[in-house]
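K.L.:
Chains as they are written, first to last, in the numbering used here: chain A, 1 to 559; chain B, 1001 to 1440.
By construction, these hints were calculated from the structure, which means they are not laboratory data.
Just so you know, even glycine gets a beta-carbon here, dropped at the ideal spot from N, CA and C.
Warning: the hint list may mix true and false statements.
As the list claims (entries may be wrong) - Chain B stretches covered by chain A per the calculated footprint, using a threshold of three residues with CB under 8 Å from any CB of chain A:
#1 1120 to 1126
#2 1148 to 1162
#3 1217 to 1230
#4 1416 to 1427
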Amino acid sequence: MQLTLWTYEGPPHIGAMRLATSMKDVHYVLHAPQGDTYADLLFTMIERLPRRPPVTYTTFQARDLGGDTAQLFIDAVLQANERFKPNALLVGASCTAELIQDDPGGLALGLHLDTPVIPLDLPAYQRKENWGCAESFYHLVRQLLKRQSANEQQPAGAKPAGPSCNVLGPTALGFRHRDDVIEISRLLKDLGIHVNVIAPLNASVSDIERLPLADFNVVLYPETAHTVASWLEREYKQPFTKCIPIGHRGTIAFIREVLALAHLPVNEALIDTLSERSHASWYAASVDSTYLTNKRVFIFGDASHAIAAARVAHEEMGFQVVGLGTYSREFARDIREAAALYQVKALITDDYLEVEDQIAELHPELILGTQMERHIAKRHGIPCTVISAPMHVQDFPARYAPQMGFEGANVLFDTWVHPLMMGLEEHLLGMFREDFEFNDESAPSHLGGAKKSPAHPSTETHANEPDTVVSPSTPHPSLQVQAPLALQESPSESVNLSGEQKMHELVQVWTHDAELELKKIPFFVRGKAKRNTEKYAKETGVSNITIETLYEAKAHFSR
Amino acid sequence: MNTVIPIQVANKESTPTPGSTHQISQERGQREVFCGLTGIIWLHRKIQDAFFLVVGSRTCAHLVQSAAGVMIFAEPRFGTAIIDDRDLSGIADANEELDRVVNQLLKRRRDIRTLFLVGSCPSEVIKLDLSRAAQRLNAQFNPAVKVLNYSGSGIETTFTQGEDACLASLIESFPVVAHRDEPDPDNAHKKLLIVGTLADVVEDQMQRIFKAMGIHGVEFFPGRNSQHVPEIDERTVYLLAQPFLADTAKRLDARGATRLPAPYPLGVQGTSAWFEAAALAMGVDDAVRDQALLAPRQRAQTATAKHRNLLQGKKIFFFPDSQLEIPLARFLSNELGMQLTEVGVPYIHRQHMAQELELLPPNTVIMEGQHVERQIDRCEAAHPDLVVCGLGLANPLEAKGYTTKWSIELVFTPIQGFDQAGDLAELFSRPLTRKHKIAA
């Protein structure tokens, strides 16, 4: 049993949901208790999908456990098949259903539906989300292609003329997958390589059936696609890429690799032209960027993104990598190899508390991590950028913002540098430490400039310090959009008030009770409430502002 | 549209026939609602010295964290003890493991005064006895930390019922007050208790009105810290502030307290009747009562009236969620003139909902339980102007052109009382306003 305050990955059936939701014509019937439908919100709200995830849940309750839950599941499969008419059905159990052992796979297969049924066995108490996604993708592809060859069918459509590849791994709820696919597809096309199928994102069952037509596979995300790619290599002799196209140099290495797999000559002039899309290397070499040199950076995330980030940090930005880790134990070896390059000890853990301890010990100047590390960073007052899942709604920006390719290199430069204090400002702070306004405690001025949250008082591994009370700190201005407004409001407000008082000669007095009442209003609308109340009081000739006044004003101004 | 508002007779002793003209149907199928663990999201903010430890799987941890996702605070006052293979196969003793995890937690968080062990679907299916665990740990940590347990599992609780289970467990932990034999003819020792989580500002507003009516010593349960034990005995009368507290009410009744039947304090009508029930029970003079309610009522009427133009005559459809659907439907129909197409509720407590059902327009279509696919079909056939539904359905419906009001906002926003009546109306008018503003 593990005390978990935050979990980096969801349970494995969430990975299966990501697969089903990525595809156009696949439906997932999940045997699960009431409440597991929370997962729909991950797609509709974090990724803002404009459609329901294609999942049917049995949502059994206590009263059902006394009866026939297997029948509930069978009914759900039949109804879903009838209503949604999918071209493939994934069936499985979530953690609780796994315990009641109804064998959803066996039950569904026993119905002898025309629709291909792919049973998923995802042990919920051993495995996690990425593994669940990779495993489900593998079983889907394998079963569909086996069925095709068993029926002696050929994939629909002709083999593409000229070199071609599939792009494997992008999914729903993937970190910047939407934009990475656009960027890399464009890159491949510019290199003269035809993109046969992209899967599973926006793929259909017939697309899966066409996978064997390509010459090789591009594995964008090993976490989700490695198992499928390995199998396709064994079955269809399709080699697959190992380079992840993140960062300027990473993208160039990827280009060389795909040209080799496509048996195309290396056109250096073309590579130069394409790489001009990235300003990152010039910006990193700009004379003012020396303030970035040897900045101490701690990196944590899924293995592929963490390893790529470490390379960019070290080779392209001149940072000093002081920590490198991942929560993906399946990739421990890769992370250890990478960590050795920077002479740091790899951190392999899915325990948020351990990550926090290491950060506290290392005092990095920048954290590149997941949303979990962003929480840690806030508490410690350290600048942070999110580079990997787990993520939140802010990590699905409206604008085009890939992590991969040459545009990705631009995005990385901009987003990693943004939370840091700018070079010249750093110099001025260093020279004039006694400044009452701009000092070590200030946040960067381009981020609001207000007082930073204090670094955590105990810089030792506080988890082992029994007397340290952990208390919530005020949000770091750089990491919360609204905070700078709220923090700036108070000082300027009092200036305005005395100014207004002098001008209008009507002295408005807030009663003590009214002031206390005002404080109950959330901070982000409090300023407006105060102004409205004073305005209303002035209009009605009231000089003594009471609680009644506050609420009269509220009713008066309510829209 | 029927504008007749049935006359509410506040002092009827017998339980009124619950809305016999309404069509209450039941259906079963996929329920698109949260489990009771979700209640932890607001309970841990309300009861500030408590910690909620879910004993469950990674699914539970993932749910609670995702539901709380918008809250970017330092360290949450909730977590999950994740059961793994070793616990299930018996290699590790699950109870020993749980004790170890609790010790680890309490060493790290010295500020915790009450620890709730919250049962989940997996812990119940494997029959992990959390009440025994709580007793054991209580013996170890009391009085520094009180250890309680309740079930928030989806197989036992639907969404807001998680709060019911939590409050019931708190009441169970209170010492039973010695039976008082002294006569109390003037009801001088009668106490009023308000039951159900409310926003702090709402409690304070209500307290002011009670004081203006001359009702003193009103207590709110749950309190802002778990150490406070309200008086609960034969002299206690209580008002439910929330409609999902069946178990809590039962425990209060078992301790001799008396429930005051009333609608819920939403909107002018509901809030008035709610305060009137309190005034009646506590022997407040009618004139004093009316004076105390006068200004707040007028403010509420002014504030809600501003939304009537936009909402009047518009059709609204409710998917089941929090159990607040019936009082909300009543408010929107009676005070804002909305047309109710279907009111979906996870479950109807016939007694606790009786006064509300009486106030609904006759022939309101009410669906208890859910089969989400059929309900979506009925919703689309009804062509509603506004759909109240969960966040799993809202964006997909918006993409199809429906205007939705996301239901969880109603649980996370202060909506009770006179001074929030306008805010409550605005929650429903805003989606329509937005549609006007940004529609092509």
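K.L.:
Against each hint, give a clear statement of whether it holds in the structure.
P.N.:
Now the hints, each set against the structure:
Closer than 8 Å: that is the beta-carbon criterion, and the stretch 1120 to 1126 of chain B has 4 residues meeting it against chain A, so the requirement of 3 holds. With 5 residues carrying a beta carbon less than 8 Å from a beta carbon of chain A, the stretch 1148 to 1162 of chain B meets the three-residue requirement, and the given coverage holds. Proximity of the stretch 1217 to 1230 of chain B to chain A, defined as three or more residues with a beta carbon under 8 Å from a beta carbon of that chain, is not established by the 0 residues found. Only residues whose beta carbon comes within less than 8 Å of a beta carbon in chain A count, and the stretch 1416 to 1427 of chain B has 4; three or more means the coverage holds.
In the structure shown, a violation is registered for the earlier hint numbered 3 alone.
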